[in-house]
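Peer 1: Here are the chains, one letter per residue:
Protein chains: 2
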Amino acid sequence: MNKGRQTRHEIVNGALSLAGKVGLEHVTLGVLATDLQLSKSGLYAHFKSKEALQLAVLDEAVGRFTAEVVRPAITAARGEPRFIALFERQLEWINGSAIAGDDDSALSAGRCIFMALSQEYDDRPGEVRDAVARSQRDWRGALQRAASIALSEGHFRPDLDVEQVAFEFVGIAMAFQQSSNLLADPAAERRARAAFDALLARCRHG
Amino acid sequence: MNKGRQTRHEIVNGALSLAGKVGLEHVTLGVLATDLQLSKSGLYAHFKSKEALQLAVLDEAVGRFTAEVVRPAITAARGEPRFIALFERQLEWINGSAIAGDDDSALSAGRCIFMALSQEYDDRPGEVRDAVARSQRDWRGALQRAASIALSEGHFRPDLDVEQVAFEFVGIAMAFQQSSNLLADPAAERRARAAFDALLARCRHG
Numbered sequence: 001m002n003k004g005r006q007t008r009h010e011i012v013n014g015a016l017s018l019a020g021k022v023g024l025e026h027v028t029l030g031v032l033a034t035d036l037q038l039s040k041s042g043l044y045a046h047f048k049s050k051e052a053l054q055l056a057v058l059d060e061a062v063g064r065f066t067a068e069v070v071r072p073a074i075t076a077a078r079g080e081p082r083f084i085a086l087f088e089r090q091l092e093w094i095n096g097s098a099i100a101g102d103d104d105s106a107l108s109a110g111r112c113i114f115m116a117l118s119q120e121y122d123d124r125p126g127e128v129r130d131a132v133a134r135s136q137r138d139w140r141g142a143l144q145r146a147a148s149i150a151l152s153e154g155h156f157r158p159d160l161d162v163e164q165v166a167f168e169f170v171g172i173a174m175a176f177q178q179s180s181n182l183l184a185d186p187a188a189e190r191r192a193r194a195a196f197d198a199l200l201a202r203c204r205h206g
Numbered sequence: 001m002n003k004g005r006q007t008r009h010e011i012v013n014g015a016l017s018l019a020g021k022v023g024l025e026h027v028t029l030g031v032l033a034t035d036l037q038l039s040k041s042g043l044y045a046h047f048k049s050k051e052a053l054q055l056a057v058l059d060e061a062v063g064r065f066t067a068e069v070v071r072p073a074i075t076a077a078r079g080e081p082r083f084i085a086l087f088e089r090q091l092e093w094i095n096g097s098a099i100a101g102d103d104d105s106a107l108s109a110g111r112c113i114f115m116a117l118s119q120e121y122d123d124r125p126g127e128v129r130d131a132v133a134r135s136q137r138d139w140r141g142a143l144q145r146a147a148s149i150a151l152s153e154g155h156f157r158p159d160l161d162v163e164q165v166a167f168e169f170v171g172i173a174m175a176f177q178q179s180s181n182l183l184a185d186p187a188a189e190r191r192a193r194a195a196f197d198a199l200l201a202r203c204r205h206g
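Just so you know, the sequences run in chain order A and B. Each residue of the first sequence is one higher than the last, beginning at 1 in the numbering used here. Each residue of the second sequence is one higher than the last, beginning at 1 in the numbering used here.
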């Protein structure tokens, strides 16, 4: 990686870390320059606007999510095992243990940036909001495909509504995040698993 | 209401409206003064700190939620009808149609301030975070009590885990909010109802 790309990478990582603490909406070039002890003009050489930076941060988060959740789950056997692996990886992601590498951010402390972003931008039009929505649609799409494969493998019932399954999967993950982080409920993981087991049972038998 | 209380009320309403747009964390006395076209010293006469203002805003939101969701649901018959009424009111709240009165804020545009706050403060220690967590615990408690009554009325099965039910209820509401607002999915309400019907079926029969 050349020097310019390396610096850009460091800025994006720093911004992702900061976004986990103050929210992506409030990661401005000024705040970030202070946080990274860089000059504001140095930042401007890499990102022309706050939106360009935010989109790069979101892109990095999507890349990590793909690497830590989606790709490992796809190594599980087609069908129900893969669907279950997506759930396990999602729990780990929310718990923060799925985050490896060069980042000591609030992500590692367990905050799921996509859920935070999903709240932060859910009624604020713009390019960042569109990108956040796209990332969430893509994730639901991945869940739907996994459920469809489980259906075609005969693990799930043939009349299963896979979009409904993705909706409920997402809800369980969100309730888990709130229980685990905000409410610090020691039963959070047990409850998430019980909810997912009930969803699985309905996927199998209806 | 005397003049001082009236002004305080207007400030809190203005702040709640602003919180719906920029996030409660970023409702500072300076930003709010500009937004309400008041002097900063005028605001300081009513709120000594940003935290005091944020707590008052949260308190106002809890009051509205109680008035628009909890209290009307309690007029429904004890047991399952009341549990269902809580769900119906929660959907309306998220849709924004349950908000009446003197506020043209982003709340009316459908943003659920509690879910936004739940994300915003889930890993930031402090008095505001504690109050947000308490509001969410109280809401889960209300759901648990409604489920317990349905159990004692014989509507729900006797071995029902009512905390699990509250966890899953919250997850459905969160997935609904994301589907409805961020993703603008026209099927959002139908999916939320299908998920809730499946939860109800399990409450009855296990």
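If you're looking for bench data, these hints aren't it; they were derived computationally from the structure. Glycine included, C-beta positions come from ideal geometry on N, C-alpha and C. Misleading hints may appear alongside valid ones.
Stated by the list, open to error - Chain A is nowhere near these chain B residues, computed Cβ spacing over 12 Å in every case:
{"hint": "1", "residue": "4"}
{"hint": "2", "residue": "34"}
{"hint": "3", "residue": "39"}
{"hint": "4", "residue": "73"}
{"hint": "5", "residue": "115"}
Stated by the list, open to error - 20 Å max Cα-Cα, derived EDC-like pairs, lysine to aspartate or glutamate:
{"hint": "6", "chain 1": "A", "residue 1": "21", "chain 2": "B", "residue 2": "60"}
{"hint": "7", "chain 1": "A", "residue 1": "3", "chain 2": "A", "residue 2": "51"}
{"hint": "8", "chain 1": "A", "residue 1": "21", "chain 2": "B", "residue 2": "35"}
{"hint": "9", "chain 1": "B", "residue 1": "40", "chain 2": "B", "residue 2": "51"}
{"hint": "10", "chain 1": "B", "residue 1": "50", "chain 2": "B", "residue 2": "60"}
{"hint": "11", "chain 1": "B", "residue 1": "21", "chain 2": "A", "residue 2": "130"}
{"hint": "12", "chain 1": "B", "residue 1": "48", "chain 2": "B", "residue 2": "10"}
{"hint": "13", "chain 1": "A", "residue 1": "3", "chain 2": "A", "residue 2": "60"}
{"hint": "14", "chain 1": "A", "residue 1": "21", "chain 2": "B", "residue 2": "51"}
{"hint": "15", "chain 1": "A", "residue 1": "48", "chain 2": "A", "residue 2": "25"}
{"hint": "16", "chain 1": "B", "residue 1": "50", "chain 2": "B", "residue 2": "138"}
{"hint": "17", "chain 1": "A", "residue 1": "48", "chain 2": "A", "residue 2": "123"}
{"hint": "18", "chain 1": "A", "residue 1": "21", "chain 2": "A", "residue 2": "35"}
{"hint": "19", "chain 1": "B", "residue 1": "50", "chain 2": "B", "residue 2": "25"}
{"hint": "20", "chain 1": "B", "residue 1": "48", "chain 2": "B", "residue 2": "60"}
{"hint": "21", "chain 1": "B", "residue 1": "50", "chain 2": "B", "residue 2": "127"}
{"hint": "22", "chain 1": "B", "residue 1": "21", "chain 2": "A", "residue 2": "123"}
{"hint": "23", "chain 1": "B", "residue 1": "3", "chain 2": "B", "residue 2": "25"}
{"hint": "24", "chain 1": "B", "residue 1": "21", "chain 2": "A", "residue 2": "60"}
{"hint": "25", "chain 1": "A", "residue 1": "48", "chain 2": "A", "residue 2": "59"}
{"hint": "26", "chain 1": "B", "residue 1": "21", "chain 2": "A", "residue 2": "197"}
{"hint": "27", "chain 1": "B", "residue 1": "48", "chain 2": "B", "residue 2": "68"}
{"hint": "28", "chain 1": "B", "residue 1": "48", "chain 2": "B", "residue 2": "123"}
{"hint": "29", "chain 1": "A", "residue 1": "21", "chain 2": "B", "residue 2": "130"}
{"hint": "30", "chain 1": "B", "residue 1": "50", "chain 2": "B", "residue 2": "68"}
{"hint": "31", "chain 1": "A", "residue 1": "50", "chain 2": "A", "residue 2": "130"}
{"hint": "32", "chain 1": "A", "residue 1": "48", "chain 2": "A", "residue 2": "10"}
{"hint": "33", "chain 1": "A", "residue 1": "21", "chain 2": "B", "residue 2": "127"}
{"hint": "34", "chain 1": "B", "residue 1": "21", "chain 2": "A", "residue 2": "35"}
{"hint": "35", "chain 1": "A", "residue 1": "50", "chain 2": "A", "residue 2": "10"}
Said to hold, decoys possible - Output of the computed footprint for chain A on chain B, the stretches with three or more beta carbons under 8 Å from beta carbons of chain A:
{"hint": "36", "region": "46-57"}
{"hint": "37", "region": "81-94"}
{"hint": "38", "region": "151-159"}
{"hint": "39", "region": "195-203"}
Peer 1: Now, for every hint given, state plainly whether the structure supports it.
Peer 2: Taking the hints in turn, this is what the structure says about them:
Every C-beta of chain A lies more than 12 Å from that of residue 4 (chain B), the closest at about 33 Å, which supports listing it as non-interface. Residue placement check: residue 34 (chain B) keeps its beta carbon more than 12 Å from all beta carbons of chain A (closest about 17 Å). Separation of residue 39 (chain B) from chain A is adequate, the least Cβ-Cβ distance of about 25 Å exceeding the 12 Å criterion. Distance check on residue 73 (chain B): its Cβ is at least 20 Å (rounded) from any Cβ of chain A, clearing the 12 Å threshold; non-interface status holds.
Some Cβ of chain A comes within 12 Å of the Cβ of residue 115 (chain B); the nearest lies about 6 Å off, and the non-interface call is violated. Taking the CA atoms of residue 21 (chain A) and residue 60 (chain B), the gap is near 26 Å; set against the 20 Å cutoff, the hint is violated. Between residue 3 (chain A) and residue 51 (chain A) the alpha-carbon distance is near 23 Å, which puts this suggested pair outside the 20 Å criterion. Note on residue 21 (chain A) and residue 35 (chain B): the hinted pairing is violated, with a Cα-Cα distance of about 25 Å set against a maximum of 20 Å.
For the suggested pair residue 40 (chain B) and residue 51 (chain B), the alpha carbons sit about 15 Å apart, so the restraint of at most 20 Å is met. As the CA atoms of residue 50 (chain B) and residue 60 (chain B) are separated by approximately 15 Å, the hinted pair is consistent with the 20 Å bound. Straight-line distance between C-alpha atoms of residue 21 (chain B) and residue 130 (chain A) comes to about 17 Å, which keeps the hinted pair within the 20 Å bound. Annotation: proposed proximity of residue 48 (chain B) to residue 10 (chain B) holds, straight-line Cα distance about 16 Å (limit 20 Å).
Proximity of residue 3 (chain A) to residue 60 (chain A) is assessed by CA-CA distance (about 18 Å); at most 20 Å being required, the pair is judged to hold. The hinted pair formed by residue 21 (chain A) and residue 51 (chain B) meets the criterion: a straight-line CA distance of about 18 Å does not exceed 20 Å. Distance restraint check for residue 48 (chain A) and residue 25 (chain A): the Cα-Cα separation of roughly 16 Å lies within the 20 Å cut-off, and the hinted pair is therefore satisfied. Taking the CA atoms of residue 50 (chain B) and residue 138 (chain B), the gap is near 24 Å; set against the 20 Å cutoff, the hint is violated.
The hinted pair formed by residue 48 (chain A) and residue 123 (chain A) fails the criterion: a straight-line CA distance of about 25 Å is larger than 20 Å. With a C-alpha separation of about 12 Å, the suggested pair residue 21 (chain A) and residue 35 (chain A) falls inside the 20 Å cut-off, and the hint holds. With a C-alpha separation of about 9 Å, the suggested pair residue 50 (chain B) and residue 25 (chain B) falls inside the 20 Å cut-off, and the hint holds. A distance of roughly 18 Å separates the Cα atoms of residue 48 (chain B) and residue 60 (chain B); the hinted pair therefore holds under the 20 Å criterion.
Between the alpha carbons of residue 50 (chain B) and residue 127 (chain B) the distance comes to roughly 11 Å, so the proposed pair stays at or under 20 Å and holds. Distance check on the hinted pair: residue 21 (chain B) and residue 123 (chain A) sit about 8 Å apart at the alpha-carbon level, within 20 Å; holds. This hinted pair does not check out: residue 3 (chain B) and residue 25 (chain B) have alpha carbons roughly 28 Å apart, beyond 20 Å. Restraint check for residue 21 (chain B) and residue 60 (chain A): the C-alpha separation of about 26 Å exceeds 20 Å, so the hint is violated.
This hinted pair checks out: residue 48 (chain A) and residue 59 (chain A) have alpha carbons roughly 16 Å apart, not beyond 20 Å. Of the supplied pair hints, the one linking residue 21 (chain B) and residue 197 (chain A) is violated, its CA atoms being roughly 37 Å apart against a limit of 20 Å. For the hint pairing residue 48 (chain B) with residue 68 (chain B), the CA-to-CA distance comes to about 30 Å; that exceeds 20 Å, so the pair is violated. Proposed proximity of residue 48 (chain B) and residue 123 (chain B) is contradicted: the alpha carbons are some 25 Å apart, above 20 Å.
The hinted pair formed by residue 21 (chain A) and residue 130 (chain B) meets the criterion: a straight-line CA distance of about 17 Å does not exceed 20 Å. The hinted pair formed by residue 50 (chain B) and residue 68 (chain B) fails the criterion: a straight-line CA distance of about 27 Å is larger than 20 Å. Our distance criterion of 20 Å between C-alpha atoms is met by residue 50 (chain A) and residue 130 (chain A), whose separation comes to about 15 Å. Proposed proximity of residue 48 (chain A) and residue 10 (chain A) is supported: the alpha carbons are some 16 Å apart, at most 20 Å.
Between the alpha carbons of residue 21 (chain A) and residue 127 (chain B) the distance comes to roughly 17 Å, so the proposed pair stays at or under 20 Å and holds. The straight-line distance between the Cα atoms of residue 21 (chain B) and residue 35 (chain A) is roughly 25 Å, outside the 20 Å bound, and the hint therefore fails. Using a Cα cut-off of 20 Å, the hinted pair residue 50 (chain A) and residue 10 (chain A) holds, with the two alpha carbons roughly 16 Å apart. With 0 residues having a beta carbon nearer than 8 Å to a beta carbon of chain A, the region 46-57 of chain B misses the requirement of three or more and the stated coverage is violated.
For the region 81-94 of chain B, the assignment as covered by chain A is violated, since 0 residues bring a beta-carbon within under 8 Å of that chain's beta-carbons and 3 are needed. With 0 residues carrying a beta carbon less than 8 Å from a beta carbon of chain A, the region 151-159 of chain B misses the three-residue requirement, and the given coverage is violated. Under the rule that three or more residues need a Cβ within less than 8 Å of chain A, the assignment of the region 195-203 of chain B holds, with 3 such residues.
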